[in-house]
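Chemist: Sequence:
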Amino acid sequence: MGKFKIHDALGLRAGKNFRLADVDPAATPGFSGSKADLAARFARYDEELYELQERLFANGRAHEDGAPSLLVVLQGKDTSGKGGAIRNVFSVFDPQGTKTVGFGKPTDEELAHDFLWRIRKHDPLPGQIVAFDRSHYEDVLIQRVHKWVDEDEVDRRFGAIRDYEQELAGRNVKILKIFLHISPQFQKENLLERTEREDKYWKYDPSDIEERGYWDEYLAAYEDAIRRTDEIWAPWYVLPTDNKKYARMALKFLIVDALRHLELSWPAPDFDPEQERQRILDAE
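In our numbering, the protein residues as written are 277 to 560.
If you are wondering where the hints come from, they were derived from the structure by calculation, not from laboratory data.
Dumping the calculated EDC-like pairs for lysine to aspartate or glutamate here, alpha-carbon to alpha-carbon at most 20 Å:
| no. | residue 1 | residue 2 |
| --- | --- | --- |
| 1 | Lys-521 | Asp-322 |
| 2 | Lys-521 | Asp-284 |
| 3 | Lys-520 | Asp-300 |
| 4 | Lys-423 | Glu-499 |
| 5 | Lys-520 | Glu-469 |
| 6 | Lys-520 | Asp-354 |
| 7 | Lys-423 | Glu-493 |
| 8 | Lys-279 | Glu-323 |
| 9 | Lys-281 | Asp-322 |
| 10 | Lys-397 | Glu-386 |
| 11 | Lys-375 | Glu-441 |
| 12 | Lys-281 | Glu-323 |
| 13 | Lys-381 | Glu-487 |
| 14 | Lys-375 | Asp-409 |
| 15 | Lys-476 | Asp-354 |
| 16 | Lys-423 | Asp-492 |
| 17 | Lys-464 | Glu-487 |
| 18 | Lys-521 | Asp-300 |
| 19 | Lys-279 | Asp-313 |
| 20 | Lys-375 | Asp-399 |
| 21 | Lys-476 | Glu-465 |
| 22 | Lys-464 | Asp-475 |
| 23 | Lys-375 | Glu-340 |
| 24 | Lys-479 | Asp-354 |
| 25 | Lys-381 | Asp-409 |
Throw the hints in and build the complete structure from the sequences for me.
Modeler: Okay, here's the thing in structure tokens:
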């Protein structure tokens with residue numbers, strides 16, 4: 277059995293010369309085994325993840341201006357499981373230290389501002405872990421695929437995104453960008469399920485069928501976006517996602533690695549522990 281490890285997750289890094297055609301959505305690089313084996317690997321770091329997040333949150337409380345934070349950006353086509361990945365991975369965290377933000381179609385108010393205006397309102401606070409279910413990349417990808425903006429505007433937006441992410445990194449925000457890569461057949465099966473199950477009806481959007489007609493255009497747009505915005509301070513990871521449990525495991529391992537590299541200790545108390553202990557003992 278191939279025991280998936282953190283270095284296997286890190287090996288899913290895209291890089292500047294990345295080609296989406298080289299990634300098989302059905303593959304499970306670094307892992308071979310049963311569903312039970314996959315579940316066991318997924319749960320491996322639960323206790324450590326909880327402690328790492330608690331340390332991060334504690335540092336945010338103790339050092340409001342200097343504590344780091346983590347931003348996890350998830351992109352992927354419809355039915356790729358962005359929300360499910362966030363729910364499953366974030367289930368081990370203390371909810372008060374996390375936030376999930378979903379970015380849908382911009383409102384009239386949002387359209388009246390620059391495309392990053394609605395994003396900036398949700399920048400991570402010190403000590404916080406924030407997940408973006410879709411993100412600022414939507415405002416380039418969709419616009420570009422449908423030719424609602426010209427290439428000069430595409431270039432401007434990519435430049436603005438790079439500047440924004442570098443600004444976040446300068447404020448001690450660790451960034452992970454994830455693309456959940458699925459196949460057309462996988463999406464088709466999921467769309468069919470949404471028309472067959474009562475508990476899935478609410479997820480179905482008829483416009484998803486029209487968007488499938490732009491499959492290749494979206495792949496080209498994603499590939500270009502990943503190449504142009506992959507940076508040391510804001511790396512992209514492309515996770516094969518036809519096996520959702522594999523993708524969730526890879527995401528979880530990447531978050532473990534990111535939090536480990538913060539090398540956080542518990543914040544020092546701003547009181548005398550022994551003195552306070554004695555006060556408690558002396559109290560009625």
